[in-house]
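K.L.:
Given only the sequences and the hints, what does the whole structure look like? Please build it.
Listed here are the chains, written in short residue letters.
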Amino acid sequence: MPLQVQIAKSLAEFSLDVSFASESGPLSILGSSGAGKSMLLRCIAGLDRPDHGQIVLNGRTLLDTEKGIQVPARERRVGMLFQHYALFPHRTLGENIAFGIRHLAPEEQARRVAELLGRTHITGLEHRYPREVSGGEQQRAALARALAIEPEALLLDEPLSALDTHLRSQMEAQLQETFAAFPRPALLVTHNIEEAYRLGEQLLVLSGGRVAAFGEKEAILRYPPTVEVARLTGCKNFSRVRPVSENTVEALDWNCTLRVSRAVEATAAHVGIRANHIEFAEFGSAGGVAEENVFPCWLARSSETPFRMTLYLSLQGPPGFGEHFLQAEVSKEKWRLFGEKPLPWHVRLAPDSLFLMPS
Amino acid sequence: MTQVDWSPVWISLATSGTATLFTLVAGLAAAAWRARRTGPAMAVVDGIFLLPLVLPPTVVGFFLLLLFGRNGPLGRILLHFGATIVFSWPATVIAAAVVAFPLMYLTARAALEQVDPQFLQAARTLGASEWRVFREVALPLAWPGVLAGTILSFARALGEFGATLMLAGNTPGRTATIPIAIYFAVEADDIRTAMIWCLIDVVISLALLAGLYYWTNVQSPGRARWARR
Chain A
7 MPLQVQIAKS LAEFSLDVSF ASESGPLSIL GSSGAGKSML LRCIAGLDRP
57 DHGQIVLNGR TLLDTEKGIQ VPARERRVGM LFQHYALFPH RTLGENIAFG
107 IRHLAPEEQA RRVAELLGRT HITGLEHRYP REVSGGEQQR AALARALAIE
157 PEALLLDEPL SALDTHLRSQ MEAQLQETFA AFPRPALLVT HNIEEAYRLG
207 EQLLVLSGGR VAAFGEKEAI LRYPPTVEVA RLTGCKNFSR VRPVSENTVE
257 ALDWNCTLRV SRAVEATAAH VGIRANHIEF AEFGSAGGVA EENVFPCWLA
307 RSSETPFRMT LYLSLQGPPG FGEHFLQAEV SKEKWRLFGE KPLPWHVRLA
357 PDSLFLMPS
Chain B
0 MTQVDWSPVW ISLATSGTAT LFTLVAGLAA AAWRARRTGP AMAVVDGIFL
50 LPLVLPPTVV GFFLLLLFGR NGPLGRILLH FGATIVFSWP ATVIAAAVVA
100 FPLMYLTARA ALEQVDPQFL QAARTLGASE WRVFREVALP LAWPGVLAGT
150 ILSFARALGE FGATLMLAGN TPGRTATIPI AIYFAVEADD IRTAMIWCLI
200 DVVISLALLA GLYYWTNVQS PGRARWARR
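From first to last, the protein sequence lines stand for chains A and B.
To convert a position in the first sequence, counted from 1, into this note's numbering, add 6.
At position 166 of the second sequence the residue is numbered 165 (this note's numbering), and the sequence of numbers has no breaks.
Derived by calculation from the structure, the hints in this document are not laboratory data.
Careful, some of the hints might be misleading.
Stated by the list, open to error - Facing chain A, from chain B, some residues (calculated, C-beta under 10 Å):
id	residue
1	Glu112
2	Gln113
3	Gln117
4	Gly126
5	Ala127
6	Ser128
Glycine included, every Cβ here is placed at the ideal spot set by N, Cα and C.
P.N.:
Spelled out as structure tokens, the structure:
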């Protein structure tokens with residue numbers, strides 16, 4: 007494995023205890039703020055020292071507390087992209103990019119800077135100072151600067167969080183392009199599941215300083231191992247369950263019995279379904295009202311976003327006080343088809359979309 | 000009307016300039032060393048570094064006299080090489096440098112501590128040695144503050160009186176700086192000469208303040224931007 011990390015560090019608020027081995031290619035590290043994501047990157051870059059552990063990058067030991075090995079940050083050859091770019095304000099973009107390759111001959115420096123400016127689409131801005139260019143251009147220059155040292159790994163700390171929506175999608179395209187041409191480990195820290203999913207091939211979910219899930223992103227989203235991972239990856243609907251038979255459970259908070267597609271394990275304690283997986287039996291792809299896992303529902307309230315509707319539904323009866331609501335997301339087009347129809351409607355919780363989790 | 004002896008101006012400027020140069024190097028080194036450390040021992044270090052600022056200059060001068068006198072530890076070593084510091088021109092430099100040091104140290108440290116550590120960390124991940132991190136990143140970013148400290152140190156050195164008198168005495172043409180010339184002119188009832196020196200001091204001080212204002216407000220657009228926000 008190109009990158010092996012196994013570190014522990016006590017911090018004031020929590021303790022970081024992480025171990026994983028990652029392939030080359032982009033790995034998204036997802037976690038809420040304070041989960042230890044940035045600290046993990048800082049430890050790999052050599053900017054913070056774990057209490058104990060081991061870090062091996064492309065066969066080179068960067069840290070081994072038992073053997074007393076601690077390679078300083080300047081010798082790790084790990085490119086780091088800081089959340090607020092950290093471009094040197096007293097240097098032009100070109101000088102910033104050349105900062106890490108000053109030991110090379112001037113012509114070679116100039117050649118590489120020109121190439122990196124091209125790769126990050128900021129050619130022509132090399133004589134500008136960071137304060138004279140936009141946030142997106144600063145970000146690109148910071149990326150070019152990190153790539154200039156031909157790093158063994160690339161670490162990106164919330165690279166998109168400081169950009170507005172438009173710049174964000176442009177920068178996302180830039181990062182995808184960069185990752186495609188970077189055959190080494192690239193770790194990207196984010197708290198946004200959509201970013202994590204779009205940019206990473208693999209996904210590591212960090213929670214309270216520990217690895218809550220690690221693996222292929224599709225698998226983690228399809229079957230989150232815990233309620234916490236499901237929540238961190240954007241799932242809104244949970245219910246406690248009681249196993250009934252080999253493939254049915256009673257959902258205690260939703261007042262219904264559900265058929266699931268996988269065999270029910272004895273440890274199953276919660277069921278979840280993503281808001282966008284809830285179908286409406288009368289409309290869309292689902293069949294008739296008589297199908298399995300179809301239940302009458304009443305609209306409690308709704309909230310509108312530019313292109314989608316979020317519906318809060320109560321199952322089995324009209325909304326009363328203190329009930330659990332099911333959160334469903336539908337496109338505005340679909341909403342126009344049935345929004346005016348009389349209640350109750352019928353939701354279908356497809357067995358394929360349901361996942362069970364232990365407590 | 001006697002011919003005015005201008006030597007105190009040149010002595011003062013040469014003394015302050017040389018002392019500021021030493022203070023700049025020593026203050027910057029001390030500040031850089033101190034800015035990356037914490038702990039109870041640092042309180043003691045700070046106390047020692049700042050002592051010349053809080054002690055009366057005569058006390059500083061007295062200690063320097065003990066240190067550099069014929070029987071003092073440093074004085075003996077220098078005597079071994081045939082040099083006497085006390086009552087010589089270098090004594091004015093030493094007195095001025097020691098008294099000005101805390102101002103340089105304090106402002107330089109504050110300026111270095113203001114530098115966002117992310118810049119230094121970024122430089123490290125790019126392979127820069129600690130010396131390069133300091134010289135190419137920390138120092139340029141702290142430069143307006145360091146420059147302000149330099150000007151303050153120069154001003155303090157220019158006004159130094161007590162310690163200078165203790166260590167360097169009043170030898171016209173060698174150790175008599177402007178403040179010392181003023182004191183002895185007043186003592187000799189030569190009010191006119193004293194007045195001339197005082198006016199010259201006011202002019203130099205105003206020029207220094209103008210420089211301070213220029214360097215901290217005009218030459219540092221970063222800070223000016225902060226102010227406008």
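K.L.:
With reference to the structure, classify each hint as holding or not holding.
P.N.:
Taking the hints in turn, this is what the structure says about them:
1. Glu112: 17 Å, violated
2. Gln113: 13 Å, violated
3. Gln117: 4 Å, holds
4. Gly126: 5 Å, holds
5. Ala127: B/Ala127 check passes; min Cβ-Cβ to chain A is 6 Å, inside 10 Å.
6. Ser128: Given a least distance of 7 Å, the restraint on B/Ser128 holds.
Violated hints, in rising order: 1 and 2; the structure is consistent with all others.
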